[in-house]
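Peer 1: For reference, the chains in residue letters:
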Amino acid sequence: MSTVKQDTRLRDILGTSALRPDGVAKVMGSFSFSSDMWAENMLWGATLRSPHPYARIISIDTTAALLISGVSAVITAQDVPGKATYGLISADQPVFASEFVRYMGEPVAAVAADHPETCRRALAAIIVNYEVLTPVVDPELAMLATTEQIHPDGNLIRHQRIICGDPHISGNITVEGNYTIGMQDQAFLGLEAAMAFPDSGGNGVELHIATQWLHEDRGQIAACLKLPEDNVRLVLGGVGGAFGAREDISLQVHCCLLALRTGRPIKMQYSREESFFGHVHRHPAKIWMKHHATKEGKIVKVESRMVFDGGAYTSTSPAVLINGITHTQGPYQCDNAVVDGYAVRTNNPPCGAMRGFGVVQACFAHESQMDKLAQACGLSPVDVRLINAMHTGDKLITGQVMESVAPVERCIRETDAIPMPETLAPNANVLEFPGGSGRTADRHNIVRGIGWGVSMKNLMYSEGFDDYATARCTLSNGIASLKFATSEVGQGFVTLAPQIARSVLGVDDVVLETSDTQIGSAGSTSASRQTWMSGGAVDGACRLVRERLFEHVGKLHNIDPIRLMIEHTDVIDTIGTFRISVAEATQGITLSETFEHHHRKTEDLDANGQGNCHVAFAFVAHRAVVDVDVELGLVKVVQIATAQDVGRVLNPLSAIGQIEGGIAQGLGLAVMEEIIMDNGRVKNPSFTDYLLPTALDAPHVVAIMIEEAEPQAPLGAKGIGEPPCISVTPAIIAAIRAATGKALSRVPVRPQDICL
Amino acid sequence: MSESIGNEMYTLRINGQDRPVKDAWVGESLLYVLRERLELPGAKGACEQGECGSCTVLMDGDAVCSCLVMAATAIGADIVTVEGLIEKDPSMATTADVIASQITDVQQAFITEGGVQCGFCTPGLIVAVHHLLDKNSDPTELDVKESISGNICRCTGYGRIFAAVEAVVQVRKASR
Ligand code: FES
Ligand code: FES
Numbered sequence: 001m002s003t004v005k006q007d008t009r010l011r012d013i014l015g016t017s018a019l020r021p022d023g024v025a026k027v028m029g030s031f032s033f034s035s036d037m038w039a040e041n042m043l044w045g046a047t048l049r050s051p052h053p054y055a056r057i058i059s060i061d062t063t064a065a066l067l068i069s070g071v072s073a074v075i076t077a078q079d080v081p082g083k084a085t086y087g088l089i090s091a092d093q094p095v096f097a098s099e100f101v102r103y104m105g106e107p108v109a110a111v112a113a114d115h116p117e118t119c120r121r122a123l124a125a126i127i128v129n130y131e132v133l134t135p136v137v138d139p140e141l142a143m144l145a146t147t148e149q150i151h152p153d154g155n156l157i158r159h160q161r162i163i164c165g166d167p168h169i170s171g172n173i174t175v176e177g178n179y180t181i182g183m184q185d186q187a188f189l190g191l192e193a194a195m196a197f198p199d200s201g202g203n204g205v206e207l208h209i210a211t212q213w214l215h216e217d218r219g220q221i222a223a224c225l226k227l228p229e230d231n232v233r234l235v236l237g238g239v240g241g242a243f244g245a246r247e248d249i250s251l252q253v254h255c256c257l258l259a260l261r262t263g264r265p266i267k268m269q270y271s272r273e274e275s276f277f278g279h280v281h282r283h284p285a286k287i288w289m290k291h292h293a294t295k296e297g298k299i300v301k302v303e304s305r306m307v308f309d310g311g312a313y314t315s316t317s318p319a320v321l322i323n324g325i326t327h328t329q330g331p332y333q334c335d336n337a338v339v340d341g342y343a344v345r346t347n348n349p350p351c352g353a354m355r356g357f358g359v360v361q362a363c364f365a366h367e368s369q370m371d372k373l374a375q376a377c378g379l380s381p382v383d384v385r386l387i388n389a390m391h392t393g394d395k396l397i398t399g400q401v402m403e404s405v406a407p408v409e410r411c412i413r414e415t416d417a418i419p420m421p422e423t424l425a426p427n428a429n430v431l432e433f434p435g436g437s438g439r440t441a442d443r444h445n446i447v448r449g450i451g452w453g454v455s456m457k458n459l460m461y462s463e464g465f466d467d468y469a470t471a472r473c474t475l476s477n478g479i480a481s482l483k484f485a486t487s488e489v490g491q492g493f494v495t496l497a498p499q500i501a502r503s504v505l506g507v508d509d510v511v512l513e514t515s516d517t518q519i520g521s522a523g524s525t526s527a528s529r530q531t532w533m534s535g536g537a538v539d540g541a542c543r544l545v546r547e548r549l550f551e552h553v554g555k556l557h558n559i560d561p562i563r564l565m566i567e568h569t570d571v572i573d574t575i576g577t578f579r580i581s582v583a584e585a586t587q588g589i590t591l592s593e594t595f596e597h598h599h600r601k602t603e604d605l606d607a608n609g610q611g612n613c614h615v616a617f618a619f620v621a622h623r624a625v626v627d628v629d630v631e632l633g634l635v636k637v638v639q640i641a642t643a644q645d646v647g648r649v650l651n652p653l654s655a656i657g658q659i660e661g662g663i664a665q666g667l668g669l670a671v672m673e674e675i676i677m678d679n680g681r682v683k684n685p686s687f688t689d690y691l692l693p694t695a696l697d698a699p700h701v702v703a704i705m706i707e708e709a710e711p712q713a714p715l716g717a718k719g720i721g722e723p724p725c726i727s728v729t730p731a732i733i734a735a736i737r738a739a740t741g742k743a744l745s746r747v748p749v750r751p752q753d754i755c756l
Numbered sequence: 001m002s003e004s005i006g007n008e009m010y011t012l013r014i015n016g017q018d019r020p021v022k023d024a025w026v027g028e029s030l031l032y033v034l035r036e037r038l039e040l041p042g043a044k045g046a047c048e049q050g051e052c053g054s055c056t057v058l059m060d061g062d063a064v065c066s067c068l069v070m071a072a073t074a075i076g077a078d079i080v081t082v083e084g085l086i087e088k089d090p091s092m093a094t095t096a097d098v099i100a101s102q103i104t105d106v107q108q109a110f111i112t113e114g115g116v117q118c119g120f121c122t123p124g125l126i127v128a129v130h131h132l133l134d135k136n137s138d139p140t141e142l143d144v145k146e147s148i149s150g151n152i153c154r155c156t157g158y159g160r161i162f163a164a165v166e167a168v169v170q171v172r173k174a175s176r
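Chains as they are written, first to last, in the working numbering: chain A, 1 to 756; chain B, 1 to 176.
Hint data in this document are derived by calculation from the structure and do not stem from the laboratory.
As the structure is a computational prediction, the values presented were derived from the model and not from experiment.
EDC-like cross-link-like pairs, simulated, lysine to aspartate or glutamate; straight-line CA separation at most 20 Å:
{"#": "1", "chain 1": "B", "residue 1": "K22", "chain 2": "A", "residue 2": "E40"}
{"#": "2", "chain 1": "A", "residue 1": "K601", "chain 2": "A", "residue 2": "E403"}
{"#": "3", "chain 1": "B", "residue 1": "K22", "chain 2": "A", "residue 2": "D114"}
{"#": "4", "chain 1": "A", "residue 1": "K395", "chain 2": "A", "residue 2": "E303"}
{"#": "5", "chain 1": "B", "residue 1": "K135", "chain 2": "B", "residue 2": "D62"}
{"#": "6", "chain 1": "B", "residue 1": "K135", "chain 2": "B", "residue 2": "E87"}
{"#": "7", "chain 1": "A", "residue 1": "K395", "chain 2": "A", "residue 2": "D166"}
{"#": "8", "chain 1": "B", "residue 1": "K22", "chain 2": "A", "residue 2": "E117"}
{"#": "9", "chain 1": "A", "residue 1": "K395", "chain 2": "A", "residue 2": "D335"}
From the structure, some residues in chain B lie toward chain A, with a derived Cβ separation under 8 Å:
{"#": "10", "residue": "G27"}
{"#": "11", "residue": "G42"}
{"#": "12", "residue": "C47"}
{"#": "13", "residue": "E48"}
{"#": "14", "residue": "F110"}
{"#": "15", "residue": "T112"}
{"#": "16", "residue": "G114"}
{"#": "17", "residue": "C118"}
{"#": "18", "residue": "T122"}
{"#": "19", "residue": "E146"}
{"#": "20", "residue": "R154"}
{"#": "21", "residue": "G157"}
{"#": "22", "residue": "R160"}
We treat Cβ as the ideally placed atom computed from N, Cα and C, and that holds for glycine.
One chain only, chain A, in its complex shape (with noise of 0.2 Å):
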């Protein structure tokens, strides 16, 4: 081994805050995101959407809008080739609305024409015939057999038990609760757009898109088109951040449609508006949650029934159902259950995955109940959950035994020692109260308040699903290229890929290629699955060409490839002094290896909710301190203190990205994001009347990443995408409680919640 230790700190290896290969470009303006593609002799596309929550189409007329000067096509369900209808888990959701149009703001029509104005002219001379019909919109009723079922394939989506343990069991103390969440946006900037290119011979067509999931889009677009996979080449178009809301298909099918119906380039971009309509949001949920314990406050059993409005598609609602029903318990030990779920199906507007998936809705209720628990033996936020919490080798509800390290404690200590933010100044300006400029607080009415929350999240996709990923290392010259479809949403994949080739090829010098669908599927980029799932491909490509390099150089050398490693940006015998630089050993070489990473095998869950359903788990512990003017019912986030288990930090300054971020979208549902329904009809759909975070709202974050190397993670790291914004919530709504007094059971709170 040589002893010249060599500074590898100002190598972008892993562990490094490495930057953003794309930073640059987006610095200046120049990264193309999907909306920013142009293209000679293109068409614009556009939607026509329903106005009715719930109707029967008796007729569409597009006579007059194909007329209209500048336009190219209008095209409604009979013109679908293929299969009517798609969806992710079931296909039950039309490309468009034939029969029955099942939500406000279902896809109806779709028309091409030179400029976007044309396009909503055309819109508005179809004529659409609707009848109007009563909207199922109470899930509690819509599960019901007497109601009318709104769909072929019924209303109730997914009925799911657990029964673990003795269900009879009691404990001294009992605490209950109902909780009711609201439906969250993921609100990400960069609005659904695309390109497509039809084929010459319209037998094909190539959609550069903003998605989380490039194959998976594939295959549901090419089954509607009636086209082979093969001839449906889909391209990532830079993506303007996902948060779950790229999931499902909104506009591909559309826009292929109409390219091969024009034989012209089509470009299609919602607006904030259309936006709200054309993606799936946080399912909305109503929790009964009940706790039995010991005097001393450890937990017995849990008792819940959860009720998720999917509204009137499937989307994920059956996946996001058993992460809510297998996390009631929380990062905390329970012996005995009994939960009951149900995902439903409404005519609100369909929901799926966002940030969190199932498992904020649950934290909410098991978080509020936590703190019940204390108050009822009389012990402290802190230490109800240091009694209860769980660690590796736990028996989880389910009957799965914990493997991955499960460092609970430590998360609630760690956090707990973080020093409290000073209290508010006596001449402190007024943007720092609780409504900042907009409605000024009366110093004298704020209150301040500190509250806990503590959560469990599973990592990457549960039930049997092999969401396995692939990549590819090309290795020529001292430059390494890598190949994969990982979608690039804005979390770091493409810096983090690079930086995993430098540490195990030693080399400086990365070129990513593009991502399409040119190689296998990488699975989606959700779940907080893609440094452990396509971090494990790509490292594991990485592994398999060093090997080939190591032969390469033992034959050319004479020295048995075993004694070979990499060291800095050099090969060197690690008995000999043979050392040479991967540049050099690669010249006029070129070595190739395709790796797939699956994840080890999960289970169904059986009709009592037993089995070894998930695959691994990431913990974390947020501590919230609010100011409140217990007056105007108004709320300012002060400080969020957060230990989070990552396993490994791979890069800090990503790290602490998605911390912070995380933590504003947690934010945000705890005090003011909410798609706000009235009877099937979205109410707000606009960032003037959906309100956002703003930099004015963002707490002071003092986060500490509790490093214990993850043994089943490729690179020692968990997904640290979710666990940020799922217990933070709870947290802020345990803060405004502890200063209002308030028995708060619904997030958002809203001004009337607190001071009414």
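Go by the hints and put chain B with the ligands onto chain A.
Peer 2: Just chain B with the ligands now, kept in the frame of chain A:
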């Protein structure tokens, strides 16, 4: 373009150049004209309602939402987009590729401090921060927060963006 829609013709002054706009529809926003007619896609549309700041450009030195400005009313104004920002003091740029790409200190700080994730909000924020620091070279934390509170970022939670602005302020102060 269909005859029914556009036949306007005018000239805008953008990033120091006169840019003719042909066959336009009079209802087009400045954002649309920049992006779709003048090959300047740096300004982004994310709400087209003046709520998100992604479309921020400078008009006669003021930061405006280009989605709210009718392009035809911007005739005669001096418009600067993110593509037109230039580093006034090249010594601020520290690395070779940065100098080569004419990146500004604000742009560089957004990269090095982690202020960019998906990057959709970034061009608007870069323009807004330049505007702030041109007017106020020593802003307080609250000044910064207030001045960019019209720019929504959904990814970062703003922490790294504050760090980027702070870094620029410190470097500019030290070099004065
Ligand atoms: S697009 Fe102009 S402010 Fe949002
Ligand atoms: S970086 Fe994605 S919106 Fe700001």
